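Asks: What follows is the residue order along each chain.
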Amino acid sequence: MEQILHFFFTYKEPVFIIALSIFLGIEVISNVPAVLHTPLMSGANAISGVIIIGGIILVGHADLSRFSGELVLGVLALIFGTLNVVGGFAVTDRMLEMFKKKKKAN
Amino acid sequence: MNNLIGTFNGLQFSSGDALLELSYLAAALLFVFGLKLLSHPETARRGNLLAAGGMLLAMVTTALLHKNDAGQAIPLANLLVIILAIGVGAVTGWIIALRVQMTAMPQLVSFYNATGGLASALVALLEFPKAQAGDTGSLLVTILGLIIGAVAFSGSMIAYGKLDGKVQDIRVGYLKYVNIILLALTLSVGTFLIFSGETPAGQVGVIWLLFALSLLYGVLFVMPIGGADMPVVISLLNAFTGVAAAMAGYIYHNQAMILGGILVGSAGMILTILMCKAMNRSLLNVIVGAFGGAGQTADHENGIMKEISLSDAAVLLNYSQKVVVIPGYGLAVAQAQHLVHELDQLLESRDVNVRYAIHPVAGRMPGHMNVLLAEADVPYDKLVEMDDINPDMTNIDVAIVIGANDVVNPAAIDDPASPIYGMPIINAHQAKNIIVMKRGAGKGYAGIENFLFFNNKTRMFYGNAKDSIQKLVSEIKSL
Numbered sequence: 046m047e048q049i050l051h052f053f054f055t056y057k058e059p060v061f062i063i064a065l066s067i068f069l070g071i072e073v074i075s076n077v078p079a080v081l082h083t084p085l086m087s088g089a090n091a092i093s094g095v096i097i098i099g100g101i102i103l104v105g106h107a108d109l110s111r112f113s114g115e116l117v118l119g120v121l122a123l124i125f126g127t128l129n130v131v132g133g134f135a136v137t138d139r140m141l142e143m144f145k146k147k148k149k150a151n
Numbered sequence: 006m007n008n009l010i011g012t013f014n015g016l017q018f019s020s021g022d023a024l025l026e027l028s029y030l031a032a033a034l035l036f037v038f039g040l041k042l043l044s045h046p047e048t049a050r051r052g053n054l055l056a057a058g059g060m061l062l063a064m065v066t067t068a069l070l071h072k073n074d075a076g077q078a079i080p081l082a083n084l085l086v087i088i089l090a091i092g093v094g095a096v097t098g099w100i101i102a103l104r105v106q107m108t109a110m111p112q113l114v115s116f117y118n119a120t121g122g123l124a125s126a127l128v129a130l131l132e133f134p135k136a137q138a139g140d141t142g143s144l145l146v147t148i149l150g151l152i153i154g155a156v157a158f159s160g161s162m163i164a165y166g167k168l169d170g171k172v173q174d175i176r177v178g179y180l181k182y183v184n185i186i187l188l189a190l191t192l193s194v195g196t197f198l199i200f201s202g203e204t205p206a207g208q209v210g211v212i213w214l215l216f217a218l219s220l221l222y223g224v225l226f227v228m229p230i231g232g233a234d235m236p237v238v239i240s241l242l243n244a245f246t247g248v249a250a251a252m253a254g255y256i257y258h259n260q261a262m263i264l265g266g267i268l269v270g271s272a273g274m275i276l277t278i279l280m281c282k283a284m285n286r287s288l289l290n291v292i293v294g295a296f297g298g299a300g301q302t303a304d305h306e307n308g309i310m311k312e313i314s315l316s317d318a319a320v321l322l323n324y325s326q327k328v329v330v331i332p333g334y335g336l337a338v339a340q341a342q343h344l345v346h347e348l349d350q351l352l353e354s355r356d357v358n359v360r361y362a363i364h365p366v367a368g369r370m371p372g373h374m375n376v377l378l379a380e381a382d383v384p385y386d387k388l389v390e391m392d393d394i395n396p397d398m399t400n401i402d403v404a405i406v407i408g409a410n411d412v413v414n415p416a417a418i419d420d421p422a423s424p425i426y427g428m429p430i431i432n433a434h435q436a437k438n439i440i441v442m443k444r445g446a447g448k449g450y451a452g453i454e455n456f457l458f459f460n461n462k463t464r465m466f467y468g469n470a471k472d473s474i475q476k477l478v479s480e481i482k483s484l
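Chains as they are written, first to last, in our numbering: chain Y, 46 to 151; chain E, 6 to 484.
The reader is advised that the hints may include incorrect statements.
What the hints assert, rightly or not - Lysine to any residue pairs mimicking SDA-like chemistry, simulated, CA-CA at most 25 Å apart:
{"#": "1", "chain 1": "E", "residue 1": "Lys72", "chain 2": "Y", "residue 2": "Leu121"}
{"#": "2", "chain 1": "Y", "residue 1": "Lys57", "chain 2": "E", "residue 2": "Thr196"}
{"#": "3", "chain 1": "Y", "residue 1": "Lys57", "chain 2": "E", "residue 2": "Ser201"}
{"#": "4", "chain 1": "E", "residue 1": "Lys135", "chain 2": "E", "residue 2": "His258"}
{"#": "5", "chain 1": "E", "residue 1": "Lys437", "chain 2": "E", "residue 2": "Gly468"}
{"#": "6", "chain 1": "E", "residue 1": "Lys41", "chain 2": "Y", "residue 2": "Ile67"}
{"#": "7", "chain 1": "E", "residue 1": "Lys282", "chain 2": "E", "residue 2": "Ala233"}
{"#": "8", "chain 1": "E", "residue 1": "Lys482", "chain 2": "E", "residue 2": "Gly468"}
{"#": "9", "chain 1": "E", "residue 1": "Lys482", "chain 2": "E", "residue 2": "Asp402"}
{"#": "10", "chain 1": "Y", "residue 1": "Lys57", "chain 2": "E", "residue 2": "Leu25"}
{"#": "11", "chain 1": "E", "residue 1": "Lys41", "chain 2": "Y", "residue 2": "Glu72"}
{"#": "12", "chain 1": "E", "residue 1": "Lys72", "chain 2": "E", "residue 2": "Ser143"}
It is worth saying that the hints were derived from the structure and are not from the lab.
Note that this is a predicted model, so its numbers are computed, not measured.
Chain Y on its own, in the form it takes in the complex (with noise of 0.2 Å):
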């Protein structure tokens, strides 16, 4: 019990934002309606490759002047993460646009 008190005093901070951001998810996310659920998906799913800030962090400051496994997995992360990112963006836009053009021809 005291050290599951200790844990929670001292992690206050992140266990607070988690708290609310989950609340929070579920506030904003719940009244979707079912003819978004793909796009709402897949643009949720870009938001996730929120981890490339990991990527540029961890290259951003791996040191160059040696070859090393990290700068090659650090790169790795970055590629993914970024193809997570952009390709998610990407594909979400094209399926909403489609949905607008409907909108208009109706």
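With chain Y held as given, fit chain E onto it using these hints.
Replies: Frame of chain Y; chain E shown alone:
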């Protein structure tokens, strides 16, 4: 930018540091606002662009303003490497996004999800050796980020392979026990790394072992899950990737990453629950995968399916007032969505009201059918959700079921012995007439007999959906 402007928690900070954090706040708000707008058809496109703008902002300010613990900014050479890597990823992602067929959307989302999961796992793998021994919080999030990211990666790749028809289901009874043991093993190795108190830098071998175990678990966890359950799995894996990114966010004390990741986790979890509800199954049941082929009820005696001729079908539709199209994945497989729209426009020109009834799990990912019909220029206000169409079903003159099966099976309502009993369905059987377009007299995805087909009001129209609708369109035109 580098002039120090104050101290916080004993650390000096510059205006650049403050600006960086401010940009993260802006990015986080753009994510929230973007997602909010994404949930309304009118504003969805703007929402997506706002979220993308938030991401771009966070990327640029990180590259320009981030400093390591020694206070050094990112050197120019590293910046070039970053731009190069981002360029490769961006161009590849962009090209794939522009080329993909809408029917292949579930595969694509799975693939992108896999790349995001892998990126998170790699970041955790590289950050682990830098953690302090005994720093429980950092070790916990790093290990969780690694496990969840790796499972999301390998699981999504298997889902991608299955959706693309490259990987077959493996359904052996003992796999469930193998999975439980593997999961327990993965979690024990993870727990050991968190609480052993050893220096993380000295345990690089163990962290790679954990990476391998997590990858294997991701593969075996998705392997037995059937195609009909794919909407649930894709949603769940999507949530995993978000959580993995949020874990990494803690490592960098980056609130934009934590918030963005958790938002995605919530969105994925909500969709997972919606999909499970639409199939009346628990998440556990989907994961353990005990669907289909199970105990059949005694054969009903009225086992005759009646066919309808082309001209009869054309006349019936032409002189109806209200028609509802109930599309299933068979429609997408036959690439018939454009033709259905042609049929719908033709009927509308003859004063027939045509709407589409969409079951939440129609297609291979949440909302997939809506996207396919939108691609074929069907206005989205003609796409009616299950709960909205069912009360009106008794007033419908003709319900046309195209390539759908289990989602219109009345056994879900009246046969407690049926494996799909309790699943919400579109009440096609309440319409005045039902036309079922089907390739042959076989059973549906779940291998369950569909008593709608034996209903007295039902007429079967056999053939490939594309050919059938084509013929129907020409026949109605000639009336």
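Asks: Hint by hint, say whether it matches the structure.
Replies: Going down the list of hints, with the structure as the test:
no.: 1; hint: E:Lys72 / Y:Leu121; verdict: 22 Å, holds
no.: 2; hint: Y:Lys57 / E:Thr196; verdict: 21 Å, holds
no.: 3; hint: Y:Lys57 / E:Ser201; verdict: 23 Å, holds
no.: 4; hint: E:Lys135 / E:His258; verdict: 15 Å, holds
no.: 5; hint: E:Lys437 / E:Gly468; verdict: 23 Å, holds
no.: 6; hint: E:Lys41 / Y:Ile67; verdict: 14 Å, holds
no.: 7; hint: E:Lys282 / E:Ala233; verdict: 14 Å, holds
no.: 8; hint: E:Lys482 / E:Gly468; verdict: 20 Å, holds
no.: 9; hint: E:Lys482 / E:Asp402; verdict: 20 Å, holds
no.: 10; hint: Y:Lys57 / E:Leu25; verdict: 23 Å, holds
no.: 11; hint: E:Lys41 / Y:Glu72; verdict: 9 Å, holds
no.: 12; hint: E:Lys72 / E:Ser143; verdict: 20 Å, holds
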